[in-house]
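**Q** As given, the protein sequences belong to chains D and U, one line each in that order. The opening position of the first sequence corresponds to residue 1 in my numbering, with each subsequent residue numbered one higher. The opening position of the second sequence corresponds to residue 1 in my numbering, with each subsequent residue numbered one higher.
By construction, these hints were calculated from the structure, which means they are not laboratory data. On a predicted model such as this, the values are computed, not experimentally measured, just so you know. Incorrect hints may have been included.
[As the list claims (entries may be wrong)] In the DSSO-like style, the derived pairs of lysine-lysine whose C-alpha atoms are separated by at most 27 Å in a straight line are:
#, chain 1, residue 1, chain 2, residue 2
1, U, K83, U, K10
2, U, K135, D, K66
3, D, K66, U, K125
4, U, K125, U, K83
5, U, K38, D, K66
6, U, K69, U, K125
7, U, K73, U, K38
8, U, K69, U, K83
9, U, K125, U, K73
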Amino acid sequence: MKIAVIQFPGTNCEHETLVAARSAGLSGEIFRWNRPAEELSGFDGYIIPGGFSYQDRLRAGAIASKEPVMDALREEADGGKPIIGICNGFQILVESGLLPGLGGVDVALAQNVMVSKGEIVRRGFYCAWTTLRHEAPRERCSGSFLLEKGDIVRMPLAHAEGNLVTADEKLMERLNRENQVIFRYCDQQGHVEEEFPVNINGSRESIAGICNPEGNVLGLMPHPERSSFSWQLPPADPEKSVGDMNAPGPGRMIFESMKRYIEVRGC
Amino acid sequence: MLIYLRVWLKIPDAEAATVKNTLRRRMGYGAVLSDLGKERLWSIQVDDSVADPVDLARRLARELVNENKESYKASVDSVDFEKGFVPVRVGLSIEDGEAVSALNRLRNRLGFEVVRGVERSVVWKLSLQSRNPEKTAEEIAERLLINPHKDFYEIVS
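Start from the sequences and build out the full structure, keeping to the hints where you can.
**A** So, in structure tokens, the structure goes:
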């Protein structure tokens, strides 16, 4: 099973994302955005990693979303192959319309707004460990294929624009009804709260990750590659490993899910 | 009373160049989009009692414009653009945190108590060779310049 980790100018998480994918048993390579797009068809799945594609010019993800490689990715997605967008990758998938995948640009990832006790206490870039609750049934989505509903996953995030907003008042109902909401920010016991610091960026309904209607495309703001090994966990975490450098961390489940999805679907 | 500050880079504007390249090379506007420029536009509401708004505009610009790399043009109560391009103003339709911060900074830290409100937007200056430049500009705004879930745009006439 071979995956492509797409690298745009300004992407900066491609190497660790590839390492994390390999740790889950996938093989793959970094695929530069300006390679012939038709070469993409030789891969079984795709990851758009984090970073600052095109320096976030105009809007995070907006310029990369117009590259020919995204048209090719859309074709592969239509064929059922899995795509995971992490952080800036999620922003690119939103700007390209691949997420939530309802035919147009259906949401925006706006500037973070941290609200506590009804007041804005902070805005913009934030970097912290977060806890996510898996919201969909098992096997709903390629990137969380192995997770049960209610499972808790820890991973860090670092972004300025992850605040999911929409002008379509009916959209949230639809995303919830169709189980397209995959992850929500929660506390360490799994309780979702609307305010900071649990809802870490002000995202609508505390949403951290969504998938397309078919479930093969997932986008999430936190970085699973930064908690794919247990040594990456923060010092106080009881699951942190100090001896075994290959011991899995919670984020690895995202990549293992992708691998299992490819095996089951025969992509 | 409204004070407008049009602000543009004196050094090459990499963001404008990227947007121009994307429109021309990736989105099919190579034949119609001959050039593209970008300005920031501050719209600053001040007390009507201000005696010398031009001087106030100059003092506000000292705080909001970095003259090492930017130039600006101030005007009072109306903003005019030169001919030869379609100005498309893009702003946030959701709350603009940077504008809120700028208002707080001007009023509470820098002593501009006459400032009542601050709006921030970007004006994209599209030089278009199409039959209906305004329609083309609207199309470009909707296809690239805005995300309709957080931004608005208007053609500034």
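**Q** Now tell me if each hint is right for this structure.
**A** Cross-check of the supplied hints:
no.: 1; hint: U:K83 - U:K10; result: holds (20 Å)
no.: 2; hint: U:K135 - D:K66; result: holds (21 Å)
no.: 3; hint: D:K66 - U:K125; result: holds (20 Å)
no.: 4; hint: U:K125 - U:K83; result: holds (10 Å)
no.: 5; hint: U:K38 - D:K66; result: holds (20 Å)
no.: 6; hint: U:K69 - U:K125; result: holds (19 Å)
no.: 7; hint: U:K73 - U:K38; result: holds (14 Å)
no.: 8; hint: U:K69 - U:K83; result: holds (24 Å)
no.: 9; hint: U:K125 - U:K73; result: holds (15 Å)
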